[in-house]
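**Q** Chain L: place on chain S using the hints.
Quick mapping for you: the protein sequence lines, in order, are chains S and L. Quick note: the first sequence, position 130, residue 130 per the UniProt record's numbering, numbers continuous. Quick note: the second sequence, position 178, residue 178 per the UniProt record's numbering, numbers continuous.
By construction, these hints were calculated from the structure, which means they are not laboratory data. Don't be surprised by glycine CBs; every beta carbon is placed ideally from N, CA and C. Warning: the hint list may mix true and false statements.
[Stated by the list, open to error] Cβ pair distances, simulated, as ranges:
| no. | chain 1 | residue 1 | chain 2 | residue 2 | range |
| --- | --- | --- | --- | --- | --- |
| 1 | S | R323 | L | K181 | 38 to 48 Å |
| 2 | S | V138 | L | R242 | 28 to 38 Å |
| 3 | S | C40 | L | S120 | 22 to 32 Å |
| 4 | S | Q117 | L | A126 | 53 to 63 Å |
| 5 | L | A183 | S | V57 | 22 to 32 Å |
| 6 | S | A44 | L | S120 | 18 to 28 Å |
| 7 | L | F15 | S | V138 | 52 to 62 Å |
| 8 | L | V246 | S | R324 | 51 to 61 Å |
| 9 | L | F292 | S | N354 | 43 to 53 Å |
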Amino acid sequence: MSADAAPVRATAPDASAGKFGRRLAIALGPIIVSLVLAGCVLLAVGVNPLAYYGFVVERGLLSPLGLQQTLTRMAPLLFIAAGLIVAFRAGMWNLGGDGQFLLGAVAAAASAPLLVQTLPSWLALLLAFLIATVVAMVWSLVPALLRAYQGINEIITTLMMSFLGVSLANVLVKLAFLDPSTTVPQTRTLAVGDRLPRLFETTITSGLIFGLVAIVVVHLVMTRTAFGLKLRTVGANPRAAIHAGLNVPVLTVAVFAISAGLIGMGGAIDIIGIQGNVRADWNPAYGLAVIPVVFLARMNGFAAIGFVFLLSVLSIGGESAARRLGVPQHFTMVLISIVLITLAVAEYLGHRLNQARKV
Amino acid sequence: MGGFFSDTFLTALLFGAVTAAIPLLLAGLGEQMSEKAGVLNIGIEGMMITGAYIGFVGAYYSGSFWIGFIAGAAGGMAVATLMALLCVRFGLNQIVIGIALTLGLEGLTALLHHFQFSRSYPRLPAAEVTPIPLLSDIPVLGPALFRHHLIVYLAVAMVGVMIWVYKRTQFGLNLQAAGDKPAALDVAGIDVIRTRTVAVLFTGGMAGIGGAYLANVGAGLFIPFITNGAGFLGIVLAMLARGRPVWVLVGALIFGGCLSMTTAAQVAGIRIPTDVIQMLPFLAVMAMLVLFGRRAGLPAALGIPYERGAR
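Just chain S, same shape as in the assembly (with noise of 0.2 Å):
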């Protein structure tokens, strides 16, 4: 049924002078309807958008240290946008990302403060990162195998190991891996000293190069090598891709290990280059939030990078406005699913408008 997974409709190629302009237009118009509809439903509960707007773009953008705070976090979403976009150009709808990043974060903060004791720090963040990326992909074998082997909706199965792995992931923190130093419910703390390097000068993560470098080769391997080929092969119809020889239930499951791999990466990143532990029912549902900004991004890894860092301005910005403004971090889930929904509209118009030229 994932057989059309193209999500937006491709505008026809319009060889015309104005396309920058025409394109400029079709990605801002857009933008700016969802921002005065998300502004009418501040105004509705009391908040003047003006004032809101301005201060998620000063605290997300224009201070210096939000900036550095928004760069950081970029780090893991980067991950998961990689992850995401493996799956979905592959025709896979990885739903379960919470989970998986989740449990990878959980992997990553119940081992690497036990491996500094003895390894070299290096070499402890590096197990770290791996072992919570092969948790990831165990995780995500369950739905891999259905949907290779039986057939099974995997948007179904993936949601709901999400909502598993969430409640795994609390688990192990409150029984598991419990920090017996304190009181509150949390893991081991990795020590600011041991976690990832950070930037020059800023308090902005290394692991935001990690991000980057895997959101480019998740990008160059899908759209410039035989094996992302065939992924896509995959992705566009299943059947063909039988007829072409591929094995198609050998690459459903490693398109699920990949895509859990990489957001189990993310999570890792996040534990062992930012948060240095993991709070009991600490679920910063990134997985659901990016999905949108992948959609947004028409699974270019490169429109990615520029989407996820809006999505990080939106989100530091927002929590920073939900403390002073009393605006809660919500209605960041609004605003970007408006985005999503007034420009999959704009495109099927624009897309309207280009065949009634034709005709």
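**A** Relative to the frame of chain S, chain L by itself:
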């Protein structure tokens, strides 16, 4: 501790199972119609949470549970209208729009709740029950199964209505065709878009009532993200039921039982963290998908927008 297997405990367990099953039943029956007609309605979670919020607001300000249910249905249908416009009429990707609607409405209802109720967290009074004469006097089973709000009996009766619609009406056949071979339906002179739109609106209404029941009767108040995957469980039920309304009811009762066990175990003082208990329904879902998922026969054109003349 009143003993794990005392009569009162058993009654409470069964009563809780029915209460937890009703939202799932309503969502599952609703989703079933969408899926039959070829629309995979991932937005059902968003319809449910909207129904829960609007339904709670309606019941809270009017003081009437019935107005709450009607408001919930209207809220769910409003979201469904948007979904039908975007996914059925415009033919946009059902999964993308479904996720966007779910995320956006979860956020929006949490936001509205924050500004409206987060200081007071108002509760509704307990819902009035309609005991069924004679049956409700059976020991243990009577109070558990036959002392519920009237909407519960109506929801169960909907199973019969749905069977009748699918088996005995022209509209039921149209739905089936819209999911299996929409082009054939179109050739027969019946509007595919309209058939699917009606199905999506029905889903929205049912999910909305389910959400309103969850908030008003189940919890007595609205909490952000209160549906917590109930809409998705409805999708699973519809998938596993393979188009048969009776199996939606059976599945809803099984999952409802799991959900009820989680609260019962806590009441009984079993010392397990709530997170372990919360995994139970989802474990049950995965187990059922592993056991029966292979046979989940889905309509041929599920998830594919219909465009006349397109190949």
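**Q** State for each hint whether it applies.
**A** Each hint, compared with the structure:
1. S:R323 - L:K181: 38 to 48 Å: For S:R323 and L:K181 the Cβ distance comes to about 55 Å; the hint is violated.
2. S:V138 - L:R242: 28 to 38 Å: holds, 31 Å
3. S:C40 - L:S120: 22 to 32 Å: Holds, at about 25 Å.
4. S:Q117 - L:A126: 53 to 63 Å: For S:Q117 and L:A126 the Cβ distance comes to about 56 Å; the hint holds.
5. L:A183 - S:V57: 22 to 32 Å: At 50 Å between Cβs, range violated.
6. S:A44 - L:S120: 18 to 28 Å: Holds, since S:A44 and L:S120 (Cβ atoms, about 19 Å apart) stay within the stated range.
7. L:F15 - S:V138: 52 to 62 Å: The hinted range 52 to 62 Å is violated for L:F15 and S:V138, with Cβ atoms some 39 Å apart.
8. L:V246 - S:R324: 51 to 61 Å: Distance hint for L:V246, S:R324 holds at roughly 54 Å.
9. L:F292 - S:N354: 43 to 53 Å: holds, 45 Å
When held up to the earlier numbered hints, the structure conflicts with 1, 5 and 7 and fits the remainder.
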